[in-house]
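Using the hints provided, position chain P relative to the given structure of chain Y.
Number of protein chains: 2
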Amino acid sequence: MSHDQGRSPYTGEPAGPPVPHATDAEVDAAGAAAAAAAPGLAALPPEERARLLESVAAALEDARGELVRLADSETGLGEARLGTELTRTRVQLELFAAVVRDGAFHEAVVDHADPAAQPAPRPDLRRMLVPIGPVAVFSASNFPFAFSVAGGDTASALAAGCPVVVKAHSGHPGLSRRTAEVVASAGLPEGAFAVLHGTAAGRRLVQHPAIRAAGFTGSLGGGRALFDLANARPDPIPFYGELGSLNPAVVTPGALAALGPAVVSGFVGSFTLGSGQFCTKPGLLFLPKGHGLDDELAGAVGRAALGPLLNARIRQGYDDVAAALSAVDGVRAIVAPRPVTEPGFRVAPMLLAVSADDLAGRPNELLEECFGPAALVVEYGSPGELAAALDVLPGALTATVHADPATEADLVRDLLDRAAARAGRVVFGGWPTGVAVSWAQQHGGPWPATTNALHTSVGATGIRRWLRPVTFQDVPDAFLPEVLQEANPLGVPRRVDGVQRSHM
Amino acid sequence: MSHDQGRSPYTGEPAGPPVPHATDAEVDAAGAAAAAAAPGLAALPPEERARLLESVAAALEDARGELVRLADSETGLGEARLGTELTRTRVQLELFAAVVRDGAFHEAVVDHADPAAQPAPRPDLRRMLVPIGPVAVFSASNFPFAFSVAGGDTASALAAGCPVVVKAHSGHPGLSRRTAEVVASAGLPEGAFAVLHGTAAGRRLVQHPAIRAAGFTGSLGGGRALFDLANARPDPIPFYGELGSLNPAVVTPGALAALGPAVVSGFVGSFTLGSGQFCTKPGLLFLPKGHGLDDELAGAVGRAALGPLLNARIRQGYDDVAAALSAVDGVRAIVAPRPVTEPGFRVAPMLLAVSADDLAGRPNELLEECFGPAALVVEYGSPGELAAALDVLPGALTATVHADPATEADLVRDLLDRAAARAGRVVFGGWPTGVAVSWAQQHGGPWPATTNALHTSVGATGIRRWLRPVTFQDVPDAFLPEVLQEANPLGVPRRVDGVQRSHM
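Going down the list, the sequences are from chains Y and P. FYI, in the UniProt record's numbering the residues of the first sequence are 1 to 504. FYI, in the UniProt record's numbering the residues of the second sequence are 1 to 504.
Just to be clear, a hint being listed does not mean it is correct.
[Unchecked claim] Below, a sample of chain P positions facing chain Y; criterion: calculated Cβ distance under 10 Å:
| no. | residue |
| --- | --- |
| 1 | 107 |
| 2 | 129 |
| 3 | 227 |
| 4 | 401 |
| 5 | 409 |
| 6 | 419 |
| 7 | 445 |
| 8 | 474 |
| 9 | 475 |
To be clear, the hints were calculated from the coordinates, so they are not data collected in a lab. Note that this is a predicted model, so its numbers are computed, not measured. A virtual CB, placed ideally from N, CA and C, is assigned to each residue, including glycine.
Just chain Y, with the same shape it has in the complex (with noise of 0.2 Å):
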């Protein structure tokens, strides 16, 4: 195939133009554009690098419903949440405008000369954070804005002073190339930001020698190739893929008293919103044996509004998935799968049951994840079963506690050590789904949640992705970075001669 086609996920049949592959060619000539706009994109002011990512804002606001439209024909995800998903794509170019008007994702030190230094007397060493050079996105499937053309890598690249070429997700062309065009439109520096079509294309992206650095949202198993990609290349670059997570939540015999039915009234909306395709889908709910709640959770399950898949491979692949957990020993089924015979990518939800027991004793069997609106009940007797279950649980973005604080300090105490030691975000009393854009958030966690559990895809730390430290030693001022200079010029909070100072 020499080109992306869109299908409605509501009949199936084709949506929008082709949109062809890009060849070796345009491979190449867009990371020599991105590297030859680099360091003029280094270069800019902040405030001029701010103004960019809010112009990029602007124009997606003034494309809003042409863009939405075009988004439901290709990925049906309807288009009240996608109309939601463009407003959270533009907060994350304003939120990386605010970081980089910020300054602090500069890390500047300063440590003067200092003569009396042991071992040997210290020059004058200034540290900064400074671009990494022309970076690859692969877009996602499941959210074609926020975390695709414009999304998040994009936004935290381009902040960085990072030239782009994105790797347009095969399952929305369509949107790419008009979103491509409305991102144009914004006034980027030539070079600095391209759109390549193709899988082959994206092979030849992370391998190109301008290329110093790549985000992937995407499947475990595409995510891991492309990683071997990157680090069999003759000079690795950092590849951070989201790959894949269950997302555990458990809910306590406490809270359980507590709330009552009340404290799974959430579950069921987040596990299935989107259809089940949001990375943060809580896959794993850990209940207290003879919890009866079968009867709420099937109702629940009754009531969720579905719209289709995103396309025939993730409905095929949730079919698959669903049969093989069915027929694994020990499982149950609360809400069972069912056939479909609608047109389009339809499926319906489907809720299964096991022990904690069988978890433990069939993790390979049991924790694949299924993308798409399934979940599964584990169903534990005692904290030691509960502990051991959890113990064969592999990295995940989050991780959720329902307890009651008054009853059970210590297993809460337990629980979020457990949480934090597998999970890249903690949720207390909530669901996972809804990830708020933000100084503070994280969105990682430890593989295969994603490649590198040290960074965030999501939120103002994102941007540390794709800048790399240098320090100047003995710079006459005048020649130094002004993040550096002695005055300051910027008022960027700095650590001088080791002491943390805020904004000047």
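Same frame as chain Y, now just chain P:
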């Protein structure tokens, strides 16, 4: 071979007792003990963690005489230099004690709940960095204290709250074993620190399920092999390797005119320091054509006091690279390589010269790192010739500029930009050896200088390698880590609702 045997570089004869290699079972036991120790070490209050680091520092000081003598017997680096290095190792531990007490390394961020947030109301979010888990440290041959058993990787990992398993370097097994005993006497928690010997043990260690990250200082070949193993794991881990660097230094016509021969007075001392076995050795010196400094340089090389190289393999490598470089078309000798007949691992220094055009034309032949007292002068005729030669250089730990800001402002800017684009530390008017241990230091750089240009193995921010972020959402205050509690009982610097606050 089932043991490591130290050898005196002065004589080539065995020095000290053989030290047995760790068995697979011993590696597994160290990994398991580290995993078991991790939660306790992470939970230690910062003041206690700081005191542990200071106890290790004090224990090293108490054993100074014995350790320095032992180090010299196995490395031949000389007691004066080794004494200074021991001081530096103590200073590193003390710096990380200060980093832990300071608390900014947690990068704490608090976002209070915001019901008006777009695109949806925001919960209370609090983010901090937590220890990544047990760390493997692969120690270096050339810094038997500062980059070895109790060196910077170990100090920064313990400071982060991570247990450490060191793979000792085969070049100083007796010192490594004795240092391990000294460290153990400082009262670290059970399982928080172990030292293993043997290449196979190191390979097993970097693949051990308990190990969550690794640090390495050594050769490109050895580092790449371990990097590849770390990435090929079912659950890849961050591998921070410092591999090799040519550390280019440029002298401009203006600097030569202003300073005359004095412009290179520190160069020979820098490239022969530690017998040229420093990661930051300036291996390339760019001089204007017709510099007329051959006699000056040759004289300084003749006066340089050189010890033996560290071991027979390094000596053989030096001789091989020296022969290969000397034979490249267009290379002339300022100080020619010559055979040495003394016992042990002594070699003669060497200084070659080549034109910038030849370097740009034959980078693969001329840009091999020569570990030992060798350097290459690169003679350029025009700024364009200089730029073309600089463009073929790989990433480096350092890049040095000697220029005259008064008469060459544009050239200075251009050279500093080029230096910052390729190196982790930019030195003006000095020489790169001597890496101060401080808050603003950066010891890292683009591949092949390191495997990950985002980080440093020297200076306060080295701790960032062993930490990962976790965000706590709506967790009741009493159950939050102290760093994130509303009252900020530890008084750490935090960003609150988007505003950076300094120490309280």
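Comparing the hints with the structure gives:
| no. | hint | verdict |
| --- | --- | --- |
| 1 | 107 | 8 Å, holds |
| 2 | 129 | 9 Å, holds |
| 3 | 227 | 7 Å, holds |
| 4 | 401 | 8 Å, holds |
| 5 | 409 | 8 Å, holds |
| 6 | 419 | 9 Å, holds |
| 7 | 445 | 8 Å, holds |
| 8 | 474 | 5 Å, holds |
| 9 | 475 | 4 Å, holds |
Going down the numbered hints, you'll see the structure goes against none, and every one checks out.
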